[in-house]
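Turn these sequences into a full structure, and let the hints guide you.
Protein chains in written order, with my numbering: chain A, 2 to 278; chain B, 4 to 348.
Simulated from the structure, these hints should not be mistaken for laboratory data. Please note that the accuracy of each hint is not assured.
If you anchor each label on the Cβ, the simulated ranges turn out as follows [what the hints assert, rightly or not]:
1) A:Ala146 to B:Asn65: 50 to 58 Å
2) A:Thr149 to B:Gly156: 19 to 27 Å
3) A:Ala94 to B:Asn144: 24 to 32 Å
4) B:Leu119 to A:Gly129: 31 to 39 Å
5) B:Ile27 to A:Asn224: 37 to 45 Å
6) B:Ala61 to A:Ala146: 46 to 54 Å
7) A:Thr149 to B:Tyr211: 28 to 36 Å
8) A:Ala138 to B:Leu278: 34 to 42 Å
9) A:Gly81 to B:Tyr211: 40 to 48 Å
10) A:Ala146 to B:Leu200: 37 to 45 Å
11) A:Ile71 to B:Tyr211: 50 to 58 Å
12) A:Ala138 to B:Phe292: 27 to 35 Å
13) A:Phe78 to B:Pro146: 51 to 59 Å
14) B:Arg29 to A:Glu76: 53 to 61 Å
Think of the CB as a built atom: it goes at the ideal place given N, C-alpha and C, for glycine as much as any other residue.
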Amino acid sequence: MTETTTTTTGGGTSTVQPVLEGRGLVKTYGRVVALDGADFALYPGEVLAVIGDNGAGKSTLIKALSGAEIPDTGEMFLDGQQVSFKRPNEARAMGIETVYQTLAVAPALDIATNMYLGREIRKTGPLGSVLRMLDGAGMRKAAKAQMTELGIGTLQNMAQAVETLSGGQRQAVSVARAAAFGSRVIILDEPTAALGVRESAQVLRLIQNLRERGMPVILISHNMPQVFEVADRIHVQRLGKRAAVITPKSVSITDVVAIMTGALQVPAEDQTLGPVR
Amino acid sequence: MTDATATTAGYDAAEEFLDRQSPIQRLQGILHAYPWLSPAVVLVIALIIFSSITSLFAQPGNLGTITQQTAVTATLALGQTLIILTAGIDLSCGAVMVFSSMVMAKLAFDQGVAGLPALFLGILVGGIAGLINGLLVTRVNLPPFIVTLGTLGIFTSLTLLYATGRTVRNRELADELKWLGKPVLLPGGFTITYGVLVMIALYLVFAYVLRYTAWGTHVYAVGDDPDAARLAGIQVNRVLLSVYATAGVIFGIAGWVLIGRVNAASPNSGIDANLDSITAVVIGGTSLFGGRGRVFGTLIGALIVGVVDNGLSVAGLDEAYKRLAIGTLIIVAVTADQWIRRARA
Chain A
2 MTETTTTTTG GGTSTVQPVL EGRGLVKTYG RVVALDGADF ALYPGEVLAV
52 IGDNGAGKST LIKALSGAEI PDTGEMFLDG QQVSFKRPNE ARAMGIETVY
102 QTLAVAPALD IATNMYLGRE IRKTGPLGSV LRMLDGAGMR KAAKAQMTEL
152 GIGTLQNMAQ AVETLSGGQR QAVSVARAAA FGSRVIILDE PTAALGVRES
202 AQVLRLIQNL RERGMPVILI SHNMPQVFEV ADRIHVQRLG KRAAVITPKS
252 VSITDVVAIM TGALQVPAED QTLGPVR
Chain B
4 MTDATATTAG YDAAEEFLDR QSPIQRLQGI LHAYPWLSPA VVLVIALIIF
54 SSITSLFAQP GNLGTITQQT AVTATLALGQ TLIILTAGID LSCGAVMVFS
104 SMVMAKLAFD QGVAGLPALF LGILVGGIAG LINGLLVTRV NLPPFIVTLG
154 TLGIFTSLTL LYATGRTVRN RELADELKWL GKPVLLPGGF TITYGVLVMI
204 ALYLVFAYVL RYTAWGTHVY AVGDDPDAAR LAGIQVNRVL LSVYATAGVI
254 FGIAGWVLIG RVNAASPNSG IDANLDSITA VVIGGTSLFG GRGRVFGTLI
304 GALIVGVVDN GLSVAGLDEA YKRLAIGTLI IVAVTADQWI RRARA
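As structure tokens, this is what we get:
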């Protein structure tokens, strides 16, 4: 039984340092224990899926990692340095970008404006410093370059309002924004939940593009086939704890669901698993 | 909108909207991109109609008069535009304007404050009034309609109590306060006032600020989708607060323009000014749902109201037609906005 839940390397022998790590994270809301000493580790260059039943604490875990919630106890490390985020902007300032399921783009604003929203670039010289003029052309050019780099070819006109785009394209704008500013980690919180099949496929392709560029990605998803398609490793969250970390290659969807629901137990020693590569 | 070349990488969802554009959809798209276009057409039509009804209308002297009559409403409507862009509304703007004008006039006349400091303090009172509105909206989380309905009553009664029901008349006013009523002669026989120039200058400043600065972008973003703005790291409440305070300062300046226009500071002036300003904003193509609109649309909207008002009286027609025409325009404008908002290029 345990054989099916170990990763290719297994054990704690690895010397590779996690990009983002959480140890013993606890978060309670009144009497509800959302996180009960949860551990978490994301390694360089991997796509780590986080799955779990409703109430397993996966969204609270992600909120803690992205700065949207402050854990009661526990420690977090970014590239080995201990960190604590009080608000999302602090996590963002340290290179952790989050893409939300709710298509978090302002519809009436254009693509470039959305990509640089809250982080606008000003013109150089007195126009920028005295008159505070934004460098619209520069932002559109950079946005276009970012799109091209991610292989988002259909979005040509960066002055196009986001509301004229399809759901998949809007999410592509969000992902491109995260990729433009996320220097260390990109978190995708149910990025395909609001999308159709074809549009979901576009977003999954974007995730693969991100991995090819060496960007570590955390993917929260309910969709097992999607998770098995793109993830290098899968973090299974259950009852506020990490129940297991597995590789999609060595485990079936049925077993993963069994771990999620508690039908399949994983010994504690198998839970400290090293990186895949 | 998307280039025809956009067919790479298998992201072919764009094809879905490449072909199926009817002329009506294209019109919808154009109006969507340029919200001031339809009010501009309405203004031109109104000018043509009134010019053909009476030859008195298109005289340079009369056209100059229209700009003077429009200056106060247009200034107020500029502040109103900022607030409506954030999906808010300000019913208290006229009351703030009159309050500011009374403070200026009485400080200079009764308290013996010099003209310029009195002017400055009057405008500051407008800013504080706006700040109070903003704090109630952002900290107490009340809907802007309710907040400003309440402060409309409060500022109106404060004005009456402070003024003790008395108008500060022309010869009692400090010179600096009357400055905006002074005429400026333009070539071709047009006569405008310094008040008109101040109004236009304000429009230019805020057109620039909204179009070219981060703050302007954030104002649009907050009105368009506050959740998306928040997730992008914008401090939504801080933007809202700054918008209400800035609008308050503009209302204070409108109080100065008002004194220049009526040559007095009266606690009873500007009764319908709040509704007039909302009318100008709405006719000008700014969406009441926020995030969409241009200040120049508002200026055109204010001019439409001014032209209809003036044209009817110059043509000797009943004043009642004005309300009929403007009321119809409001409904048409908002209907058009609803329709344009549905445009998905």
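Right, here's what the structure says about each hint:
1. Between alanine 146 (chain A) and asparagine 65 (chain B) the beta carbons are some 55 Å apart, a value that agrees with the proposed interval 50 to 58 Å.
2. In this structure, threonine 149 (chain A) and glycine 156 (chain B) break the distance hint of 19 to 27 Å, their C-beta atoms being roughly 57 Å apart.
3. Separated by about 28 Å at the C-beta atoms, alanine 94 (chain A) and asparagine 144 (chain B) satisfy the suggested range of 24 to 32 Å.
4. Distance hint check: the CB atoms of leucine 119 (chain B) and glycine 129 (chain A) are about 32 Å apart, consistent with the given range 31 to 39 Å.
5. Restraint check, isoleucine 27 (chain B) to asparagine 224 (chain A): a C-beta distance of roughly 39 Å satisfies the suggested window 37 to 45 Å.
6. A beta carbon spacing of about 53 Å between alanine 61 (chain B) and alanine 146 (chain A) agrees with the range 46 to 54 Å that was offered as a hint.
7. The hinted window of 28 to 36 Å between threonine 149 (chain A) and tyrosine 211 (chain B) holds, with their beta carbons roughly 32 Å apart.
8. Hint check: alanine 138 (chain A) to leucine 278 (chain B), Cβ distance near 41 Å, so the stated range 34 to 42 Å holds.
9. For the hinted restraint 40 to 48 Å between glycine 81 (chain A) and tyrosine 211 (chain B), the CB-CB distance of approximately 47 Å keeps it satisfied.
10. Between alanine 146 (chain A) and leucine 200 (chain B) the beta carbon distance is about 44 Å. The supplied range of 37 to 45 Å therefore holds.
11. For the hinted restraint 50 to 58 Å between isoleucine 71 (chain A) and tyrosine 211 (chain B), the CB-CB distance of approximately 40 Å leaves it violated.
12. Take alanine 138 (chain A) and phenylalanine 292 (chain B): their Cβ atoms lie about 30 Å apart, and the range 27 to 35 Å holds.
13. One distance hint, 51 to 59 Å for the beta-carbon pair phenylalanine 78 (chain A) and proline 146 (chain B), is violated here, with the actual separation near 44 Å.
14. Distance hint for arginine 29 (chain B) and glutamate 76 (chain A): a CB-CB separation of about 58 Å, consistent with the stated range 53 to 61 Å.
Violation of the numbered hints given earlier is confined to hints 2, 11 and 13; the remaining hints are satisfied by the structure.
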